[in-house]
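Undergrad: Using the sequences provided together with the hints, build the complete structure.
2 protein chains.
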Amino acid sequence: MKSLSEKVLSGEARSVARAITLIENGGSGAAELMREVYPKTGNATVIGITGPPGAGKSSLVDKLALFYKDLGEKVGIVCIDPSSPFSGGAILGDRIRMATLGLDKNVFIRSMATRGNLGGLSRATVDAVAILDAAGYHKVIVETVGVGQDEVEIVKTADVSVVVLVPGMGDDIQAIKAGIMEIGDVFVINKADREGVLRTQKELEALLNLAHRPDMWNPPIVKTIATESKGVEDLSTAIVSYLDFQKTSEGTGERRRSIARWRLTELLQERLLADLLGRNGTREKLDELAAEIAEKKIDPYSAVEEILQKPAH
Amino acid sequence: MKSLSEKVLSGEARSVARAITLIENGGSGAAELMREVYPKTGNATVIGITGPPGAGKSSLVDKLALFYKDLGEKVGIVCIDPSSPFSGGAILGDRIRMATLGLDKNVFIRSMATRGNLGGLSRATVDAVAILDAAGYHKVIVETVGVGQDEVEIVKTADVSVVVLVPGMGDDIQAIKAGIMEIGDVFVINKADREGVLRTQKELEALLNLAHRPDMWNPPIVKTIATESKGVEDLSTAIVSYLDFQKTSEGTGERRRSIARWRLTELLQERLLADLLGRNGTREKLDELAAEIAEKKIDPYSAVEEILQKPAH
Chain A
139 MKSLSEKVLS
149 GEARSVARAI
159 TLIENGGSGA
169 AELMREVYPK
179 TGNATVIGIT
189 GPPGAGKSSL
199 VDKLALFYKD
209 LGEKVGIVCI
219 DPSSPFSGGA
229 ILGDRIRMAT
239 LGLDKNVFIR
249 SMATRGNLGG
259 LSRATVDAVA
269 ILDAAGYHKV
279 IVETVGVGQD
289 EVEIVKTADV
299 SVVVLVPGMG
309 DDIQAIKAGI
319 MEIGDVFVIN
329 KADREGVLRT
339 QKELEALLNL
349 AHRPDMWNPP
359 IVKTIATESK
369 GVEDLSTAIV
379 SYLDFQKTSE
389 GTGERRRSIA
399 RWRLTELLQE
409 RLLADLLGRN
419 GTREKLDELA
429 AEIAEKKIDP
439 YSAVEEILQK
449 PAH
Chain B
139 MKSLSEKVLS
149 GEARSVARAI
159 TLIENGGSGA
169 AELMREVYPK
179 TGNATVIGIT
189 GPPGAGKSSL
199 VDKLALFYKD
209 LGEKVGIVCI
219 DPSSPFSGGA
229 ILGDRIRMAT
239 LGLDKNVFIR
249 SMATRGNLGG
259 LSRATVDAVA
269 ILDAAGYHKV
279 IVETVGVGQD
289 EVEIVKTADV
299 SVVVLVPGMG
309 DDIQAIKAGI
319 MEIGDVFVIN
329 KADREGVLRT
339 QKELEALLNL
349 AHRPDMWNPP
359 IVKTIATESK
369 GVEDLSTAIV
379 SYLDFQKTSE
389 GTGERRRSIA
399 RWRLTELLQE
409 RLLADLLGRN
419 GTREKLDELA
429 AEIAEKKIDP
439 YSAVEEILQK
449 PAH
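Protein sequence lines, in the order shown, are assigned to chains A and B.
All the letters of the first sequence, read from the start, carry residue numbers 139 to 451 under the working numbering.
All the letters of the second sequence, read from the start, carry residue numbers 139 to 451 under the working numbering.
Any given hint could turn out to be false.
What the hints assert, rightly or not - Here are the computed lysine to aspartate or glutamate pairs in the EDC-like style, where the Cα-Cα straight-line distance is at most 16 Å:
(1) A:K434 to B:E174
(2) B:K434 to A:E392
(3) B:K178 to A:D437
(4) A:K294 to A:D353
(5) A:K423 to A:E444
(6) B:K207 to B:E371
(7) A:K385 to B:E333
(8) A:K435 to B:E174
(9) B:K178 to A:E433
(10) B:K145 to B:E174
(11) A:K434 to B:E392
(12) B:K385 to A:E433
(13) B:K361 to B:E371
(14) B:K434 to A:D382
(15) B:K361 to B:E333
(16) A:K178 to B:D437
(17) B:K140 to B:E174
(18) B:K435 to A:E174
(19) A:K178 to B:E433
What the hints assert, rightly or not - Coverage of chain A stretches by chain B, computed from C-beta distances (three or more under 8 Å per stretch; other residues unrestricted):
(20) 199-208
(21) 435-445
Keep in mind that the hints were calculated from the coordinates and are not lab data.
What you are looking at is a predicted structure, and each value in this text was computed from that prediction instead of being measured.
Virtual Cβ for every residue (Gly too), placed ideally from N, Cα, C.
TA: What follows is the structure, given as structure tokens:
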């Protein structure tokens, strides 16, 4: 019988789905699976797409996926969802998306959500991308629903990061723009039939002129109307232009090392905590101390000392 | 000479600022400071404010702070900023905010941003809140710029969580609404002079009716126009109504323990990694392995094994 990793490598969509569930739950088989799958990665183009809510990212991602599909490529979409960390559970309706994209074996879509306190969303997302890559998907699109620290980190691990903005979103957009400025390799002004496109473009150009990228890349600005499929081909061209530039850029190796370091650190933290909690009595001790912190009988820092000083038994 | 923690406890704004910098940088004095400060916490009302960009959160926070200040209270504001994890650095112009709020010794404002790969933003933010609490600030407002996993986690540690929405933000708002639905104790529809308020209110009510909170609280919906200071008093009343409810609710203890557990886990992870990296040669080993991962000579899971199997020397 074929192993799960063999089935993944042969591109079976159902096995890909099962593999992602496995790595989401972080079971014992997850590390083994990833070890087997990892050497086969590196062929997909990973496209990260982020931007504020209301920018129409989902529509744009769907249209970009359709564009690639029509070229005969296999496309995987991974959505990151900022749902509550205390209950977990995916929110976005994959099935609604599937209706738009069609039940096509060449398009795979999956939402990732956080699972309880141990976090691991970043690690699980990056692993899911690796699984799709190894399974032969030509393009893997990582789409964030939120715009937070984790989401920015994840999008930075893509080969190319696309930041989607929209005209006239008020004052907060300035802060967001500045925050995500640095991660955009390509910028999109979506809903480009709306009022204020030119102003948004001018503001964006001014911000880009202020920023100095170490690799000297000058991020292109693409205007799209995703709902009418306008500008999607321009976006694909802009993505290719960055990927071509990247091949010749000296910064690429540094970027890859920086991503690998981040990924390794995430994995290490998760593993160190799991090892600690796996020791007899530690999990109970943690619950006890959490109750004491809640009642202000002890401060969290002293509680950490107490857990670490406790000998394994 | 007075120690830093003594100065913090006496409410000196400059010492509060220094203390927050210390815990942000995570230096050796940070744990000691927090141990001394922690027993004096628990008096402030901590208000978490989140919502999508463009909802006018900053204006609302400023007006709410002014409202409390005019009642003679001391107000601390902590902003969480989703800037790039690979370079770090705060984005929001605190100085611009200060101009609105006035250079008042009763209002303290501080942006928190991520510092490099080790993360710790959540921990640092929660610690900053504790410092302001111990320093005698009556209200501490935690405002997120992004809406991501970390931001949601942090807002959940507040005594009351306020979710700010705005009429007519397109399709994505549905996803966000669902994602932050569960964390809102109070909902605000800001920019309530805009078109589509009634529709947004109806949608929100429908979503709230679907949700079943374990504590049976029915979150109020407040309409505001922050730029004109309208509805700010209503918001303060809604906040008080939830806090009153909380005092009688059985769920409060469980919530506090859940928060304490999350906080303890965050701190443990940070500490375990720091301990590991502090061992001779481990940091160099990590860099070496990151380079090998980048070149696909090794997979991240095997790299973790290699680091953990390496004896300390």
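Undergrad: All hints, please: hold or fail.
TA: Hints and how they fare:
Simply put, A:K434 and B:E174 have alpha-carbon atoms about 13 Å apart, close enough for the 16 Å limit, and the pair holds. As the CA atoms of B:K434 and A:E392 are separated by approximately 14 Å, the hinted pair is consistent with the 16 Å bound. Distance hint between B:K178 and A:D437 is fulfilled; the C-alpha atoms sit about 11 Å from each other, no more than 16 Å. For a cut-off of 16 Å, the pair hint linking A:K294 to A:D353 stands: about 15 Å separates their Cα positions.
Using a Cα cut-off of 16 Å, the hinted pair A:K423 and A:E444 holds, with the two alpha carbons roughly 9 Å apart. Distance restraint check for B:K207 and B:E371: the Cα-Cα separation of roughly 13 Å lies within the 16 Å cut-off, and the hinted pair is therefore satisfied. Restraint check for A:K385 and B:E333: not satisfied, since their Cα atoms lie roughly 48 Å apart, outside the 16 Å limit. Restraint check for A:K435 and B:E174: satisfied, since their Cα atoms lie roughly 13 Å apart, inside the 16 Å limit.
Taking the CA atoms of B:K178 and A:E433, the gap is near 13 Å; set against the 16 Å cutoff, the hint holds. Only pairs whose Cα atoms come within 16 Å are accepted, and B:K145 paired with B:E174 is accepted, the gap being roughly 11 Å. Taking the CA atoms of A:K434 and B:E392, the gap is about 14 Å. The hint holds against a cut of 16 Å. Of the pairs offered as hints, the one joining B:K385 and A:E433 holds, with about 15 Å between alpha carbons and a cut-off of 16 Å not exceeded.
Restraint check: the Cα-Cα separation between B:K361 and B:E371 comes to about 11 Å, which is no more than 16 Å; the hinted pair holds. Annotation: proposed proximity of B:K434 to A:D382 is violated, straight-line Cα distance about 21 Å (limit 16 Å). A C-alpha spacing of about 13 Å is found between B:K361 and B:E333, which places the hinted pair at or below 16 Å, so the restraint holds. Taking the CA atoms of A:K178 and B:D437, the gap is about 11 Å. The hint holds against a cut of 16 Å.
At roughly 13 Å between alpha-carbon atoms, B:K140 and B:E174 fall within 16 Å of each other, so this suggested pair holds. Of the pairs offered as hints, the one joining B:K435 and A:E174 holds, with about 13 Å between alpha carbons and a cut-off of 16 Å not exceeded. For the given pair, A:K178 sits about 13 Å from B:E433 by alpha-carbon distance, which is consistent with the 16 Å threshold. By the rule of at least three residues with a Cβ nearer than 8 Å to a Cβ of chain B, the coverage given for the segment 199-208 of chain A is violated, with 0 such residues.
Counting residues of the segment 435-445 of chain A whose CB lies closer than 8 Å to any CB of chain B gives 7, which reaches the minimum of 3, so the coverage claim holds.
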